[in-house]
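> With chain Y fixed as given, assemble chain G onto it according to the hints.
Protein chains in written order, with numbering that gives the first Met the number 0: chain Y, 0 to 222; chain G, 0 to 250.
A few of these clues could be false.
[Claimed, not checked] Derived lysine-lysine pairs resembling DSBU-like cross-links, with alpha carbons at most 35 Å apart:
(1) Lys4(G) - Lys77(G)
(2) Lys200(Y) - Lys14(G)
(3) Lys114(G) - Lys200(Y)
(4) Lys14(G) - Lys75(Y)
(5) Lys1(Y) - Lys77(G)
(6) Lys1(Y) - Lys14(G)
Source of the hints: derived by calculation from the structure; they are not laboratory data.
The lines below spell out each chain.
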Amino acid sequence: MKWFRRQLFYEINSLGINSLPIISIISLFTGAVITIQTAYNTDSPLLPLYTVGLATRDSIILEFSPTIISLILAGKIGSSIASEIGTMRVSEQIDALEIMGINSASYLVLPKVLAALIINPFLIIISMSLGIFGGWAFGVLAGSVTTTEYIYGIQFAFRPFYVSYALIKTFFFAFILTAIPSYYGYYTSGGSLEVGSSSTKAVVYSSIYILFANYILTQLILS
Amino acid sequence: MIEVKNIQKSFDGKKVLDDISVVFEKGKTNLVIGSSGSGKTVLLKCLVALYEIDQGAIVYDGRNFTTLDDQQKREIRKEFGMVFQGGALFDSQTVEENVAFPLEMFSPMSAEEMKERVNFCLNRVNLQNANKLFPSQISGGMKKRVAIARAIALNPRYLFCDEPNSGLDPKTSILIDNLIHEITQEYDITTIVNTHDMNSVLEIGDKIIYLKNGKKWWEGDKNEILDSDNEEVNDFVYASELFKRIRKASI
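Same shape as in the complex, but just chain G:
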């Protein structure tokens, strides 16, 4: 569980996150939604301490991250898995080397055990026969899957995904969404996904918060979002023609 308490973050005097409080629950896929520039990525980067917050606290299962020193933060970070928007795979390493990287750095596994774990993680994301390929030789969807495999290699307690299905076709997007959701439940981890894809919201949104201009405007789940009476949320949800038609049909 991750508790976010009244956090604020500004860049050059401009408030990007304004007094955000939320609890991201364990075993659930927690979604942060909002249009571009709403502060989703900044929130995620604050959570993983790539940005320091100006005020407030972030508590990981009772451990106040904001009060820890660098070494203690680094120890907690070993419990993180992160899937970046572009994958952030290491270009100079093959797929299997990318997945093995955190294991090599932090686990006492033998080469044989490591190989087994790498193959297990790649199988888990349905990626076979790609072990020896480099990131430049695989598709966007495959990159995302390798990034997920790398993120789960060390059995993380917290999984962060920044727009994991951006730039993917609808079918691959659903595959990636379902994969993240299954992994969350299977390993009982706390997962936070940034997205502005309404399909993801309805597929995997166990808990959803809606951000606009750095503020939290709404909180709920995938069953509540379509019936929300919050005007801001409705503007976002029913922005596309498809969802407008769905609303019309349901009325």
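Next up, chain Y with everything else stripped away, as it sits in the complex:
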């Protein structure tokens, strides 16, 4: 179990912590753009200004952070997983594991899937927080919204279930974006060309499955 613990922490760092900078930047600026665009589109005296905060909050929590960030992660870590495992396959490193009597699939894939299941919900919570913060900071800076209205908006009609819904989705997406690339990497055969092809397939299929799962989960949970 010592090796498993070590691999798990390695993958948490590699798949999760190392993705934090890109997730932070994207969340911060997406929050900002959502706020400014919402303010621009709701420039009507009939609509209260706090709807800007409300719309930003709901967009970020319900869709942007769990789904779009997972799609971004499918691109970033999906290709990395598929090419890492694929390269191990074509350079006979997986054969070396098998010959040592090690179950290579469980050694290579399980820590990655488990690491994503553990760390991705935290990444998504950070993304939500930064997205909402970015909306406030840049919205106020651009003069699109006031602090008071924005804070009121993000608290207005808030249902904590939205966060649970987002985290349930995140959990499923974390499984998809590690298991599918692992599959494509593990069953790579040939050389570097095939590793590249597996990597592309991994990103394409995990993105499609995430979008499909998003639809099914939304239908199941919200309807």
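Chain G only, in chain Y's frame:
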């Protein structure tokens, strides 16, 4: 000792191994020779169960590998050491981590004992001061030596080497060949080496089988191969100008 009994292996209907029977003896360096595409690597991969054979049996010291379940096979595999053609070292691990890997997975050793064993294995393959280097930072010959060190870390009963000196200069090739031969005798293990290098054949071939088109054409040792009357073997052995000259000189 490994007994191979009438094994057959096909890919997409094409026979790659055809009714091969041979006994690989303990304490000897057993060589499988043949030109590229003769079935050497497939035979080796069948022996270590990376490929399942279609027919026949492989018996490891009385244990019929083909009839065992996955768990039992995995237990026998722990007695294997394998040196791949490209080394197959784990890129993300340093030299010492690569050698320590099987120990970490399967031995109850403490960290201190493990370190000692790793250093012993690296010394055994004459590789010092490389512990902290990554595979990408060492030469091809060093990679092969690290692969051998990793293969012997758990004191294997069976050592498999797939073209261990391919891509190496003649001097390093001889070093690697001699290392494999010494380790075989020192630990009294059954070693099988795939090669098409005639220098290896004459250096370490305690027992040699010659494959062509998936069939065994000849069996003997390094003293018999140069005088073989088998035409196929002669074609292979005396393919190079050097060996043609040796034959001419000896006549």
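> Can you confirm whether the C-alpha distance between Lys4(G) and Lys77(G) stays at or below 35 Å?
22 Å, holds
> Given the hint that Lys200(Y) pairs with Lys14(G), test it: the Cα-Cα distance must not exceed 35 Å.
32 Å, holds
> For a C-alpha distance cap of 35 Å, please report whether Lys1(Y) and Lys77(G) respect it.
18 Å, holds
> Quickly compare the C-alpha distance for Lys1(Y) and Lys14(G) to 35 Å and report which way the hint goes.
44 Å, violated
> Taking only the CA atoms, is the gap from Lys14(G) to Lys75(Y) under or equal to 35 Å?
43 Å, violated
> With the threshold set at 35 Å, check whether the alpha-carbon distance from Lys114(G) to Lys200(Y) stays at or below it.
The given pair, whose Cα atoms are some 41 Å apart, is violated under the 35 Å limit.
Violation of the numbered hints given earlier is confined to hints 3, 4, 6; the remaining hints are satisfied by the structure.
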